[in-house]
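Taken in sequence, the protein lines are chains A and B. At position 93 of the first sequence (counting the first as 1) the number is 151 in our numbering, and the numbers step up by one without a gap. At position 134 of the second sequence (counting the first as 1) the number is 141 in our numbering, and the numbers step up by one without a gap.
Simulated from the structure, these hints should not be mistaken for lab results. The beta-carbon is built from N, C-alpha and C at its ideal position, and this holds for glycine as well. Any given hint could be a false lead.
As the list claims (entries may be wrong) - Which stretches of chain B does chain A cover? Using the computed rule of at least three CB atoms under 8 Å from a CB of chain A, they are:
| id | stretch |
| --- | --- |
| 1 | 40-47 |
| 2 | 53-60 |
As the list claims (entries may be wrong) - Derived SDA-like pairs (lysine to any residue); straight-line CA-CA distance at most 20 Å:
| id | chain 1 | residue 1 | chain 2 | residue 2 |
| --- | --- | --- | --- | --- |
| 3 | B | 62 | A | 142 |
| 4 | B | 139 | B | 67 |
| 5 | A | 170 | A | 160 |
| 6 | B | 51 | A | 77 |
| 7 | B | 139 | A | 137 |
| 8 | B | 146 | A | 79 |
| 9 | A | 161 | B | 44 |
| 10 | B | 51 | A | 153 |
| 11 | A | 100 | A | 137 |
| 12 | B | 134 | A | 150 |
| 13 | B | 62 | A | 79 |
| 14 | A | 161 | B | 41 |
| 15 | A | 161 | B | 57 |
| 16 | B | 51 | B | 79 |
| 17 | A | 161 | B | 50 |
| 18 | B | 27 | A | 133 |
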Amino acid sequence: MDASFAALSDATRRGVLAQLGREDASISDLAEKFHMTLTGMKKHVGVLEQAGLVTTEKVGRVRTCKLGPHPLEQEMAWMQAHRRLWAVRFDALEDVLEELTRKEKVDARKRK
Amino acid sequence: MHEKESERTRMKNETTVERKSERELVVTRAFDYPARVVFEAWTKAELLARWWAPKSYGLTLLSCEADVRVGGGYRLVFAFGGDAEKPMAFFGKYLEVTPHSRLVWTNDEGGEGGPVTTVTFEEKGGKTWLVKHDLYSSKEALDGDIASGSTGGMGESFDQLDELISRRGIE
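Go ahead and model the full structure; you've got the sequences and the hints to work with.
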């Protein structure tokens, strides 16, 4: 779980996941797509692989990457992220609610 | 004193996210305000604009339109990470508008057959219980959103993960 969190905290790695969601790709394809060195991309794929989010397979000289065997972990990480977004959003909503309520009270007092 | 109190109340009101079924995603939260006020904050564009894109996410809301009546449309345009050149628009149509209790809208930015969102506001025990329910057209559609992180707001929520991770590191 923690590994998934860490893996998903990087914009490039999230991009790689989105890309692999569309189609499998080699490390050099990914490096090119994300304007990165081969070594840099290898590191990112390594982190994703350790988290179980991506698997790789070497055929001849090409290492192909695809989405990993742990969709559940990915889903849990996604749920956490989604919850976090809504929690922050709802906190901001509460600030608005507090202000609306305060305004109503002032208006009610003015009407009296 | 007052501020501390409201902080404590706020901590009790937890946000939950659950995949209720293969096609359903549900977000819930209680608010210590009447349903009438909560509903107002969801149905006036100028209020919606103030909380839908929290500043702490580094999100910029470029525009927010919401014509909240049956058949009316909404359109929210964001820029992620200050990148105003790549705005993302989220838009759709309101299917149901029942004052203070229920809103239903479509999510059309991904083309036809996007998820349908239902938000209900229910007063119970001095609180308003809010349930946001997304119904996808298929299991694959929801799986796809999860895999690609394309559900509205994913970009910023993952950014928030950075903060979450660093905070866990401190604990």
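Going down the list of hints, with the structure as the test:
no.	hint	in the structure
1	40-47	holds (count 4)
2	53-60	holds (count 4)
3	62(B) <-> 142(A)	holds, 14 Å
4	139(B) <-> 67(B)	violated, 23 Å
5	170(A) <-> 160(A)	holds, 16 Å
6	51(B) <-> 77(A)	violated, 37 Å
7	139(B) <-> 137(A)	holds, 14 Å
8	146(B) <-> 79(A)	holds, 15 Å
9	161(A) <-> 44(B)	holds, 11 Å
10	51(B) <-> 153(A)	holds, 15 Å
11	100(A) <-> 137(A)	violated, 27 Å
12	134(B) <-> 150(A)	holds, 17 Å
13	62(B) <-> 79(A)	violated, 30 Å
14	161(A) <-> 41(B)	holds, 14 Å
15	161(A) <-> 57(B)	holds, 16 Å
16	51(B) <-> 79(B)	holds, 13 Å
17	161(A) <-> 50(B)	holds, 17 Å
18	27(B) <-> 133(A)	holds, 13 Å
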